[in-house]
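Below, each chain spelled out in residue letters.
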Amino acid sequence: MKIDKEMLIRKKYLIFLLLVFITTYFVFIDLVDGDWTSLENSLLNLRTFFSESLWPPNWNVFEARSYPTCQKSWDFLCSPAYIGIMETLEIAFVATGAGFILSLPLASLASRNLYRDSIAIPFRILLSAMRTLPSLIWAILFVILVGLGPVSGVLAMTFYTVGYLGKLQYETFEGISKDPLDAAKAMGLSKVEIIQRVVIPESANNLISQLLFMFEYNVRHGSVIGIVGAGGIGYYISTYLKFFQYDKVMALLIVIFIVVVIIDFLSIKARSFFVDDVSFKSQGVISRIFRGESNE
Amino acid sequence: MNNIISAKDLKIGYSSKSILAKIDNLNISRGEIISIIGQSGVGKTTFLKNIAYLVKPISGSLSVLGSSLPPTRGEIGYIPQKLGLINHETVFFNVLEGAICNESIFRSILGFHEPRILDKVVEVINLMNLSEKIDTSVKRLSGGQQRRVAIARTMAQGAKIILADEFLSELDDKTANNVWKTMKEHVKTNQITLLIVEHNERRAKLADRCFKLEKEEGMPHSSFKEFNNEN
Numbered sequence: 001m002k003i004d005k006e007m008l009i010r011k012k013y014l015i016f017l018l019l020v021f022i023t024t025y026f027v028f029i030d031l032v033d034g035d036w037t038s039l040e041n042s043l044l045n046l047r048t049f050f051s052e053s054l055w056p057p058n059w060n061v062f063e064a065r066s067y068p069t070c071q072k073s074w075d076f077l078c079s080p081a082y083i084g085i086m087e088t089l090e091i092a093f094v095a096t097g098a099g100f101i102l103s104l105p106l107a108s109l110a111s112r113n114l115y116r117d118s119i120a121i122p123f124r125i126l127l128s129a130m131r132t133l134p135s136l137i138w139a140i141l142f143v144i145l146v147g148l149g150p151v152s153g154v155l156a157m158t159f160y161t162v163g164y165l166g167k168l169q170y171e172t173f174e175g176i177s178k179d180p181l182d183a184a185k186a187m188g189l190s191k192v193e194i195i196q197r198v199v200i201p202e203s204a205n206n207l208i209s210q211l212l213f214m215f216e217y218n219v220r221h222g223s224v225i226g227i228v229g230a231g232g233i234g235y236y237i238s239t240y241l242k243f244f245q246y247d248k249v250m251a252l253l254i255v256i257f258i259v260v261v262i263i264d265f266l267s268i269k270a271r272s273f274f275v276d277d278v279s280f281k282s283q284g285v286i287s288r289i290f291r292g293e294s295n296e
Numbered sequence: 001m002n003n004i005i006s007a008k009d010l011k012i013g014y015s016s017k018s019i020l021a022k023i024d025n026l027n028i029s030r031g032e033i034i035s036i037i038g039q040s041g042v043g044k045t046t047f048l049k050n051i052a053y054l055v056k057p058i059s060g061s062l063s064v065l066g067s068s069l070p071p072t073r074g075e076i077g078y079i080p081q082k083l084g085l086i087n088h089e090t091v092f093f094n095v096l097e098g099a100i101c102n103e104s105i106f107r108s109i110l111g112f113h114e115p116r117i118l119d120k121v122v123e124v125i126n127l128m129n130l131s132e133k134i135d136t137s138v139k140r141l142s143g144g145q146q147r148r149v150a151i152a153r154t155m156a157q158g159a160k161i162i163l164a165d166e167f168l169s170e171l172d173d174k175t176a177n178n179v180w181k182t183m184k185e186h187v188k189t190n191q192i193t194l195l196i197v198e199h200n201e202r203r204a205k206l207a208d209r210c211f212k213l214e215k216e217e218g219m220p221h222s223s224f225k226e227f228n229n230e231n
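Line by line, the protein sequences give chains R and B. Residues 1 to 296 (the numbering used here) make up the first sequence, in order. Residues 1 to 231 (the numbering used here) make up the second sequence, in order.
It should be emphasised that the hints constitute simulated quantities derived from the structure, not laboratory data. As the structure is a prediction and not an experimental result, all values here were calculated from the model. Among the hints, erroneous ones may be present.
What the hints assert, rightly or not - Which residues of chain R face chain B? A few of them, derived with a C-beta cut under 7 Å, are:
1. 174
2. 175
3. 179
4. 180
5. 183
6. 186
7. 191
8. 193
9. 203
A virtual CB, placed ideally from N, CA and C, is assigned to each residue, including glycine.
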């Protein structure tokens, strides 16, 4: 009996994986509900769809739209790909900036080391409610409220950003060292002064890192919300999908992929400059320019 | 009445079920330097936090600056164990944190500091011989310099009571003596009451009065005892 118990402990990961596999299998069978025919030709369908509809991508998305007439020096600047991705970037930029500014006071009020539970908990619930709805659902709501276009996109993304960033921020605020807070409280500084002079400076590195992460996240999600009419490149994707122009959709997806990779790269570089984590720190040109030559 | 801090039948701790220390009677006068020694966990830091109104006493009476209500802005300067400085901000920023206690909250929040406040910051930084480091971030300073920034902050604040928790620990003897000299000069000149928690008994005896917080056998909590600093 003793040997069996030891064996169980040693093989716990294997047993766990086996359990996950078996559970997944049975849940999947339940979902399929006996209709396996739908899966029969899936690989063949994918091959046909890819070779006949998606590939090669149609790079006409970089040509100027026929209407309205292009007034710019380069046709490229009037192309759906350029207009779409720029609008997505603009929506993400404004939503991240506005969301950051709005989430700071809410996150402060939700921090239990700054305010008592009777204040902090309702604000936590509010932030939680704001991020319960994904940005796509917020976008549908705002398209109904303010109509089609980037404004509803900005509002949707801002709401989601406040909820998401707010949670990250109050967790950061609660994680700051207790000593500077105690010193400031003993001095008799007001709550706003404590937040302004202790909490925000103490968590500045993390706040900037979270801001950059959120921008990157919003660019990715900004591509989706256009599908419901909230502006950005998603709007063009949705239009091409409606007209079965899958090769153009493919071209736009490649554009999004490249932009996201570039932003991801820039974000990592920028974050490595702000975050004091040696394992994460980049010693590249950017950090040398900003940080100077001194080694701490 | 010259007593700046008076405690009577005071019980301190974080819950009534686990009282850390009991103080029967304690009176501290203006301008006195008091050191408190004792083993870890006997309630030294908690006592300082009680005086700073960061923790409420469990029972008994504690009067600070003649009142049991929280003191007015800037009257208490608290230097925690790790100094409580904003490490990646400059010396100026940290000292200004203390100085803003002497101007209106409105001005302080908007950042429109009165010229006398800014002058005061520069003046105390000069007094602490930190003028060359005014724009240096605190994390780049030595342990001794960081302690001088903490003193400068309380000076700019104009505190009437300074509570320093293990202020000189982690410093070598020479630096600790220099910092102690600076602090002593500052509090004696300005008639400030200083309460310092100290692990080093020899250094604790440099104060005007020394107290030991220790647990007696069979007692659930520790108690305050004055001991002769001439020993």
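Hint-by-hint comparison with the structure:
| no. | hint | verdict |
| --- | --- | --- |
| 1 | 174 | violated, 17 Å |
| 2 | 175 | violated, 15 Å |
| 3 | 179 | holds, 4 Å |
| 4 | 180 | holds, 4 Å |
| 5 | 183 | holds, 3 Å |
| 6 | 186 | holds, 3 Å |
| 7 | 191 | violated, 10 Å |
| 8 | 193 | holds, 6 Å |
| 9 | 203 | violated, 11 Å |
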